[in-house]
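Trainee: Sequential numbering from 1 applies to the sequence shown in UniProt numbering.
Incorrect hints may appear among the rest.
Calculated cross-link-like contacts (lysine-lysine; reagent style BS3-like; alpha-carbon spacing at most 27 Å) [claimed, not checked]:
1) Lys-273 x Lys-285
2) Lys-473 x Lys-422
3) Lys-190 x Lys-175
4) Lys-308 x Lys-190
5) Lys-175 x Lys-159
6) Lys-175 x Lys-148
7) Lys-285 x Lys-156
8) Lys-273 x Lys-148
9) Lys-285 x Lys-175
10) Lys-190 x Lys-285
11) Lys-422 x Lys-308
12) Lys-473 x Lys-498
13) Lys-159 x Lys-190
14) Lys-308 x Lys-273
15) Lys-285 x Lys-422
16) Lys-159 x Lys-148
Quick list of the computed label-pair ranges, beta carbon to beta carbon [unchecked claim]:
17) Arg-143 x Glu-173: 39 to 45 Å
18) Asp-174 x Lys-234: 23 to 29 Å
19) Gly-150 x Leu-486: 32 to 38 Å
Because the hints were derived from the structure by calculation, they are not lab data.
A virtual CB, placed ideally from N, CA and C, is assigned to each residue, including glycine.
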Amino acid sequence: MNERADEENKEVLSEEEEEDFEAAVPPCAPRRTPAPSRQQTVPKIPEAVDDFLRNFLRRAGLSRTLHVFEAEWYGSAQKLLTESLWTCVSFIPDALTHGRLLQSELEAVRRETGLLRQGVLVAGGSLVRMQRERDFHRLQYRRVAEEKNGLIEDFKQLKEHLESYEPALRQLEDKCQAALRQNMLISLEKDRVQNATDARLNEEKSHIRRETSIKRSDGTDTSPDESPMTTHPKDTELPVCSRLLNPRLPQGTFQKWKSSSSFSLSYSFRAHKLPISCIDLHPQKPILATASDDRSWRLWELPPHREKVLTDEGHSDWLSGCSFHPDGAKLATTSGDSTVRLWDFSRGGCVAALSGHSQPTWGCSFHSCGHFVASCSADRTAKLWDLDSQRCRLTLRRHTASVNSVCFLPFSNLLLTCSADKTLATWDARLGVCTAIFHGHRHPCNHAAFSPAGDAVASCDTQGTIHLWDTRKPALPTATVDAGPLAANQVAFSPSGKTLAVASADRLVRVVEVESGLASSLSGHGDGVQSVAFDHEGETVMSAGSDGVINVWAGTS
Numbered sequence: 001m002n003e004r005a006d007e008e009n010k011e012v013l014s015e016e017e018e019e020d021f022e023a024a025v026p027p028c029a030p031r032r033t034p035a036p037s038r039q040q041t042v043p044k045i046p047e048a049v050d051d052f053l054r055n056f057l058r059r060a061g062l063s064r065t066l067h068v069f070e071a072e073w074y075g076s077a078q079k080l081l082t083e084s085l086w087t088c089v090s091f092i093p094d095a096l097t098h099g100r101l102l103q104s105e106l107e108a109v110r111r112e113t114g115l116l117r118q119g120v121l122v123a124g125g126s127l128v129r130m131q132r133e134r135d136f137h138r139l140q141y142r143r144v145a146e147e148k149n150g151l152i153e154d155f156k157q158l159k160e161h162l163e164s165y166e167p168a169l170r171q172l173e174d175k176c177q178a179a180l181r182q183n184m185l186i187s188l189e190k191d192r193v194q195n196a197t198d199a200r201l202n203e204e205k206s207h208i209r210r211e212t213s214i215k216r217s218d219g220t221d222t223s224p225d226e227s228p229m230t231t232h233p234k235d236t237e238l239p240v241c242s243r244l245l246n247p248r249l250p251q252g253t254f255q256k257w258k259s260s261s262s263f264s265l266s267y268s269f270r271a272h273k274l275p276i277s278c279i280d281l282h283p284q285k286p287i288l289a290t291a292s293d294d295r296s297w298r299l300w301e302l303p304p305h306r307e308k309v310l311t312d313e314g315h316s317d318w319l320s321g322c323s324f325h326p327d328g329a330k331l332a333t334t335s336g337d338s339t340v341r342l343w344d345f346s347r348g349g350c351v352a353a354l355s356g357h358s359q360p361t362w363g364c365s366f367h368s369c370g371h372f373v374a375s376c377s378a379d380r381t382a383k384l385w386d387l388d389s390q391r392c393r394l395t396l397r398r399h400t401a402s403v404n405s406v407c408f409l410p411f412s413n414l415l416l417t418c419s420a421d422k423t424l425a426t427w428d429a430r431l432g433v434c435t436a437i438f439h440g441h442r443h444p445c446n447h448a449a450f451s452p453a454g455d456a457v458a459s460c461d462t463q464g465t466i467h468l469w470d471t472r473k474p475a476l477p478t479a480t481v482d483a484g485p486l487a488a489n490q491v492a493f494s495p496s497g498k499t500l501a502v503a504s505a506d507r508l509v510r511v512v513e514v515e516s517g518l519a520s521s522l523s524g525h526g527d528g529v530q531s532v533a534f535d536h537e538g539e540t541v542m543s544a545g546s547d548g549v550i551n552v553w554a555g556t557s
């Protein structure tokens with residue numbers, strides 16, 4: 001009976017304990033662990049329930065229940081709980097590990113804080129330094145702005161002051177130009193009067209000599225050179241002379257020829273904005289005339305001044321050539337408007353416009369007496385103009401293409417022409433007949449010129465071929481120089497006749513030794529060279545071209 005009662009009591013206690021256990025311990029189910037946050041890296045560890053139950057059952061003396069609980073807890077419930085926990089988190093550290101992690105994080109945060117503190121201190125120092133520099137530059141800017149405003153005010157005052165002086169400067173410049181022109185005109189007039197006086201005295205002396213010789217021969221007073229009656233009261237007859245001695249030739253031995261390597265560019269200056277077609281040197285003075293495509297001609301005083309002396313316009317088209325009168329007081333120009341104009345410096349304008357060509361005129365040349373000028377044209381003719389009556393006295397017709405150049409042999413009636421028909425011709429201007437034909441060029445001729453002594457002729461063509469001719473043997477050239485493949489535009493002899501300058505379309509000036517035919521080049525133009533000339537001593541070469549620039553090449557010893 002007692003055992004039965006004990007068993008019943010145990011069952012009742014077991015039921016009560018089960019109820020208390022169920023009330024104390026919730027049913028075993030998977031626990032939901034909170035999602036880890038950024039600040040909480042380790043999940044919170046729950047209270048140890050199994051330890052509490054063991055202690056409770058041990059104090060109650062329920063050893064068998066304790067053994068059954070441990071078996072069931074660790075056999076099933078604890079296994080499920082452990083599996084559910086491992087599925088939620090991969091690692092559940094203990095308090096020590098958690099503390100170490102927190103300590104390491106704290107140290108890392110402290111290190112980052114120190115670094116940030118140092119960076120903040122450095123940035124603060126940089127900020128202070130930059131603020132000081134900003135203040136300094138701001139002060140400098142204010143100072144510079146004040147100076148700039150002051151300079152602007154000073155500039156305005158100086159500009160107003162300069163404008164007040166401009167009328168006076170303009171007046172002084174006009175006076176200076178007028179004085180230069182007056183001095184030049186006075187000098188030219190003196191030279192003209194002197195030349196006219198010398199010519200008149202020479203004519204009187206020659207006339208007296210002829211009369212004396214005639215009286216001595218037959219006792220009559222009739223001059224054999226008396227010209228027939230002219231058709232115009234103002235016509236002038238060409239002087240009767242087959243060939244007079246050129247007084248401009250050097251007396252005695254010629255000056256030794258300078259090698260082309262001794263020529264170097266002395267100076268250059270822009271004379272026109274458009275191409276320069278021709279240049280010509282004053283007979284006595286260092287004054288250069290230029291003719292340009294801008295329809296104007298200009299006179300330039302060479303060193304030491306290099307200033308423009310005179311300029312004028314009158315042609316309705318581009319200028320192709322220019323030539324000084326023998327007395328230096330006039331200038332003749334040719335143009336694309338088919339006219340030849342005569343300009344008198346003392347009168348300050350055009351004194352004659354010679355019209356008769358039907359196409360553009362290419363060049364002109366004065367007779368040594370100064371009363372006649374010859375012109376050539378694209379209409380295949382050359383004309384001789386009487387400046388006293390201002391009419392054409394003679395038309396030379398033989399060439400079959402454009403006549404590109406014309407020139408008088410100094411102090412003679414012999415006239416030289418060259419043509420695009422590849423030939424040259426010499427003419428007796430008094431009789432109007434062709435005296436010789438030069439055949440040898442294979443391309444159109446651009447220019448031809450007499451040597452100062454008159455015994456040689458130089459010519460050039462569109463392929464750069466230069467021929468030298470003996471006037472007594474016009475059948476074949478005596479020498480040939482190749483300056484091609486581009487055109488040779490003009491040739492010019494030195495006063496001694498031993499040097500030849502050539503203007504080439506390939507931007508070069510070639511200097512040729514007449515005796516040996518050796519040639520060398522002078523480079524300095526930016527475009528094709530159109531015209532060349534020697535000075536009075538033959539020691540300087542002047543050139544002009546399509547770039548509108550005049551280059552002066554000086555000889556060096």
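Trainee: Against this structure, judge whether each hint is valid.
Mentor: Now for the hints, and whether the structure bears them out:
no., hint, in the structure
1, Lys-273 x Lys-285, "holds, 25 Å"
2, Lys-473 x Lys-422, "holds, 18 Å"
3, Lys-190 x Lys-175, "holds, 22 Å"
4, Lys-308 x Lys-190, "holds, 21 Å"
5, Lys-175 x Lys-159, "holds, 24 Å"
6, Lys-175 x Lys-148, "violated, 39 Å"
7, Lys-285 x Lys-156, "violated, 46 Å"
8, Lys-273 x Lys-148, "violated, 39 Å"
9, Lys-285 x Lys-175, "holds, 23 Å"
10, Lys-190 x Lys-285, "holds, 12 Å"
11, Lys-422 x Lys-308, "violated, 38 Å"
12, Lys-473 x Lys-498, "holds, 19 Å"
13, Lys-159 x Lys-190, "violated, 45 Å"
14, Lys-308 x Lys-273, "holds, 14 Å"
15, Lys-285 x Lys-422, "violated, 36 Å"
16, Lys-159 x Lys-148, "holds, 16 Å"
17, Arg-143 x Glu-173: 39 to 45 Å, "holds, 42 Å"
18, Asp-174 x Lys-234: 23 to 29 Å, "violated, 38 Å"
19, Gly-150 x Leu-486: 32 to 38 Å, "violated, 59 Å"
Taken one by one, the earlier hints fail for this structure at numbers 6, 7, 8, 11, 13, 15, 18, 19, listed in ascending order.
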